[in-house]
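Going by the working numbering, the sequence shown wraps up at 422, each residue one higher than the last.
Calculated directly from the structure, the hints in this document are not laboratory data.
Computed from a prediction, not measured in an experiment: that's the story for all the values here.
Among the hints, a few may not be true.
[What the hints assert, rightly or not] Here are the computed distance ranges between Cβ atoms for each label pair:
no.: 1; residue 1: K237; residue 2: L50; range: 43 to 49 Å
no.: 2; residue 1: H235; residue 2: L400; range: 25 to 31 Å
no.: 3; residue 1: M388; residue 2: I47; range: 16 to 22 Å
no.: 4; residue 1: V109; residue 2: M388; range: 27 to 33 Å
no.: 5; residue 1: H227; residue 2: S390; range: 23 to 29 Å
no.: 6; residue 1: S6; residue 2: I47; range: 45 to 51 Å
no.: 7; residue 1: R7; residue 2: A330; range: 47 to 53 Å
no.: 8; residue 1: K418; residue 2: L383; range: 31 to 37 Å
no.: 9; residue 1: V294; residue 2: V63; range: 35 to 41 Å
We put the beta carbon where it would ideally sit given N, CA and C, even for glycine.
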Amino acid sequence: MNRSRLVAASPIYYGWVILIVGTLGSVMTSPGQTYAVSVFIDYFIEDLGLSRSLVSTLYSVATLTASFALPFVGRQFDKRGARLMVPLCSLLLGLACIYMSFVLNAVMLGLGFFALRLLGQGSLSLVSKNAINQWWVRRRGMAMGISGVAGSLLGLGGFPLLVTWLIAYSGWRDAYIGLGLLLVLGMFPLGWFFIRNQPEQYGLVPDGKAGAAGGAEGAGFVEEHWTLSEAVHTKAFWVFAAGLASASMLNTGLTFHLFSVFKDNGLSAAVTASVFVPIAVTGALAQLGSGVLVDRIPVRYMLTLGLLLMAAVLVAVPQLASVEMALALGVVIGLQGGIEMIVSSVVWPQYFGRRHMGSITGLASTIMVGASAFGPMPFGLARDLMGSYTAVLTWFALLPLVLAVAAFLFGQRPHKAEKG
């Protein structure tokens with residue numbers, strides 16, 4: 003058993019401290035998330051003299067390439083723990099942001115995209131969520147719901163506005179330097195001083211309840227620990243991986259081109275930026291509500307609903323004709339995103355346990371991040387070749403519809419006695 007004066011001196015269950023710092027880690031993935039990168043896209047196109055198709059392709063290739071490293075990141079989490087991985091990923095993402103301020107051409111931009119996607123959307127997101135999941139089992143949904151509220155309001159709701167302000171105040175290059183310093187001087191020391199590995203190492207149990215380690219049995223939940231090789235032989239793993247991957251791909255494609263999509267519909271950049279506010283507020287409420295529900299109802303129902311909402315969003319986007327419609331769409335996008343975030347955060351440890359969580363979430367993240375790589379490219383090509391996003395949005399709406407049916411029928415939690 004390890005000793006930590008910080009953990010021992012905490013007047014509250016230390017999992018709450020992990021929840022706060024892990025949530026901040028999730029917020030600070032924003033520079034590598036599409037909702038923040040999208041604010042910079044038109045500046046890359048103008049200042050670097052690149053086409054929208056090329057920037058989209060660079061982003062897609064970088065995202066796909068970065069995804070292949072996530073199983074390694076997951077294994078390192080299992081081996082070295084959150085104590086090292088959270089501050090390390092924070093530091094590296096900060097340095098990647100500073101690098102972005104120096105890009106001069108397509109090659110440098112592609113390398114920057116690779117670093118942002120690997121370290122932001124991929125690594126820091128993975129290790130921050132897993133740090134929280136290690137300390138919560140029976141109330142995992144509640145914990146991730148609380149984390150999601152803060153993450154949505156500060157990340158999705160705050161970062162696009164922060165980036166827009168930074169660019170207006172000092173230019174896009176200095177904006178990236180500011181984001182880098184925020185990570186290096188803020189998140190890195192917070193992770194280093196406060197993050198700790200799983201509670202059993204400090205004589206505690208998940209959820210802060212007295213009793214045997216893994217005491218979820220008291221709530222009628224028996225935690226089963228699956229290896230990666232066992233998990234990938236279940237239908238549930240692939241149903242959830244496919245469903246979450248499709249949502250990731252479509253959300254990334256839409257968000258990446260959101261300013262262009264809204265512009266085509268006669269809406270200004272200011273209106274587009276303001277839509278992130280209802281997305282964030284609704285997403286926060288949806289994550290809080292979904293976090294409570296996912297502890298009480300089968301998680302496959304949550305995935306089914308999220309996929310149906312994704313299809314509805316894609317069908318509705320070409321119909322936008324006013325600011326009010328755009329804001330209403332933001333509410334639906336937020337609801338869908340909030341549900342998706344809770345499902346992706348909770349399902350892997352809930353279905354397959356914490357012991358090999360890094361390896362399992364690493365592979366799942368590779369699939370989801372890899373899928374997101376294919377989102378921007380077809381949207382960009384459709385716009386360049388056909389002059390409109392309508393066809394690609396309509397056809398892509400069929401994918402989440404099919405996967406919603408699969409999730410409902412085949413997404414039950416597996417048990418070791420009934421693999422397959």
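Status of each hint after checking the structure:
Distance hint check for K237 and L50: the Cβ-Cβ separation is about 45 Å, which falls inside the suggested range of 43 to 49 Å. Our hint of 25 to 31 Å for H235 and L400 holds, since their Cβ atoms are close to 28 Å apart. For M388 and I47, the Cβ-Cβ distance of about 19 Å falls inside the hinted range of 16 to 22 Å, so the restraint holds. The supplied range of 27 to 33 Å is met by V109 and M388, whose beta-carbon atoms lie about 29 Å from each other.
For H227 paired with S390, a C-beta distance near 50 Å fails the hint of 23 to 29 Å. Between S6 and I47, the C-beta spacing of about 49 Å keeps the proposed range 45 to 51 Å intact. Separated by about 52 Å at the C-beta atoms, R7 and A330 satisfy the suggested range of 47 to 53 Å. Distance hint check: the CB atoms of K418 and L383 are about 45 Å apart, inconsistent with the given range 31 to 37 Å.
For V294 and V63, the Cβ-Cβ distance of about 39 Å falls inside the hinted range of 35 to 41 Å, so the restraint holds.
Comparing the model with each numbered hint stated earlier shows that hints 5, 8 do not hold.
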